[in-house]
Amino acid sequence: MEHWVFRHEITYKDKPNVWLQLLNPVLIFGGVRMANEEVVLLSFWACTFAGKVRVALAEKGIEYKSMEQDMVTKGDLLLKMNPVHKKIPVLIHNGKPICESQIILQYIDEIWPHKSPLLPLDPHQRAVARFWADFIDTKICELGKKIWKTKGEEKEATKKEFMESLKLLEGELGDKPYFGGENLGYVDVSLLPFSCWFYAQEKVGDFSIETDCPKLIAWHTRCMEKDSVSRSLPDQQKIYRFVLDLRKLFGVEE
Amino acid sequence: MEGGVVLLDFWASMFGMRVRIALAEKEIKYEYSEQDLRNKSDLLLQMNPVHKKIPVLIHNGKPICESLVQVQYIDEVWNDQAPLLPADPYKRATARFWADFVDKKMYDSGSRIWKTKGEEQEAAKKEFIENLKLLEGELGDNLYFGGEGFGYVDVALVPFYCWFYAYEQCGNFSIEAECPKLIAWAKRCMQKESVAKSLADPEKVYEFLLQLKKAYGIE
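For the record, the sequence lines run as chains A and B. In case it helps, my numbering puts the first sequence at residues 1 to 254. In case it helps, my numbering puts the second sequence at residues 1001 to 1219.
Fair warning: there could be bad hints in the mix.
In silico PhoX-like links for lysine-lysine, alpha-carbon gap of 20 Å or less [stated by the list, open to error]: (1) B/K1192 with B/K1181; (2) A/K139 with A/K115; (3) A/K86 with B/K1133; (4) A/K139 with B/K1052; (5) B/K1133 with A/K80; (6) A/K139 with B/K1104; (7) A/K139 with A/K149; (8) A/K74 with A/K87; (9) B/K1104 with A/K86; (10) B/K1105 with B/K1115; (11) B/K1052 with A/K160; (12) A/K87 with B/K1181; (13) A/K80 with B/K1091; (14) B/K1192 with A/K87.
Read the hints as simulated data drawn from the structure, not as lab findings. These numbers come from a predicted model, not from an experiment.
Generate the whole structure from the sequences, applying the supplied hints.
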């Protein structure tokens, strides 16, 4: 039945870029702990929260092993590493688990601060970034799900609220290339995986996000041009097929 | 509103209490501004246009919203005393995890205790106690969740203590009977001036809850 659910191990070695390799001895002296690190990510290809972590690790050039999880029959490792919530993503760094995507992102940023910092240095800007990441995790995630789970009037109301939430984010982006300013930052990494679901949501919801939020779509396209992003996130068509399967599974018919 | 620290808050809010405790721990002088949640002020709507909720911390005219974001902000700006988050990144991640657990689990199951009755209420009580037991496990034999010193998770959780009496009355159960270590921890925290001054009186919280129940039409 759940043909989209699978369980296998992928050894996913991000090749650090040439610049990083050249600088490696210098960076080791500078305290970046690249040698003898074991980084494992318990993940699921379609999971938006896991997507954030993949993008962050790729941005920082961190080698890691990705272990795709069976979300129906949860494996012993997942249950051992996240006994409280039993959910992915879980980052396992030198055998120690870190759970909850926002917490994982901040951990990654603190352990590997030298490349592609995610959070800004200024405390107020950090607070603003955390605020919007929380907004994305609560509002965008919940409303995004409801679009494909509901029908009729409830779906229309959800679409309206979803677009209002996206407009708020567009307002926060302003004229900047990224939420982080000139470079990808915490909010960009937090929103990108959810933006990979836009195509599916538009098809299922029969509306156009670009019409009302052109800047946000332009931002998504700009981000996807980055190698670290495009190879970390699933294809939108694949997500759409996944959503159609989910709707069948949940018995959502128009 | 340039300069200084202002807190837009509501006396019974557990989330507001977190911020009051953090400010008190750091000995920061601030202006407390009680908000009418049924008739939200222009200032609140201007400072938190997205969620329109308290608490809102205003520092030098700039708002910070969401209580755990505020507590981290306070810890980062006034980093010269009473550190709330530990220095080690893994310990910080663990502290953030449990504070997030409190946010995700405690408020929801606690609310269902007073909002529901019968089987639904029994299920809410059971879940609430299970969550507290997980927290008790995390506390272990430490004085505080922060170890020897009062820290981030202590700040996140202790405000719920002043709502326990109200939950117990509504749910007809004893939290202390199920989670004695946690109550001992809470009483230990209450010996700290920053906590004692910031938490609301449990009897007043219960009276407030009874009014809320009437407003929601819950018998």
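inquiry  = I'd like to know which numbered hints this structure contradicts. Please list them from smallest to largest.
reply    = Hints 2, 12, 14 contradicted; others consistent.
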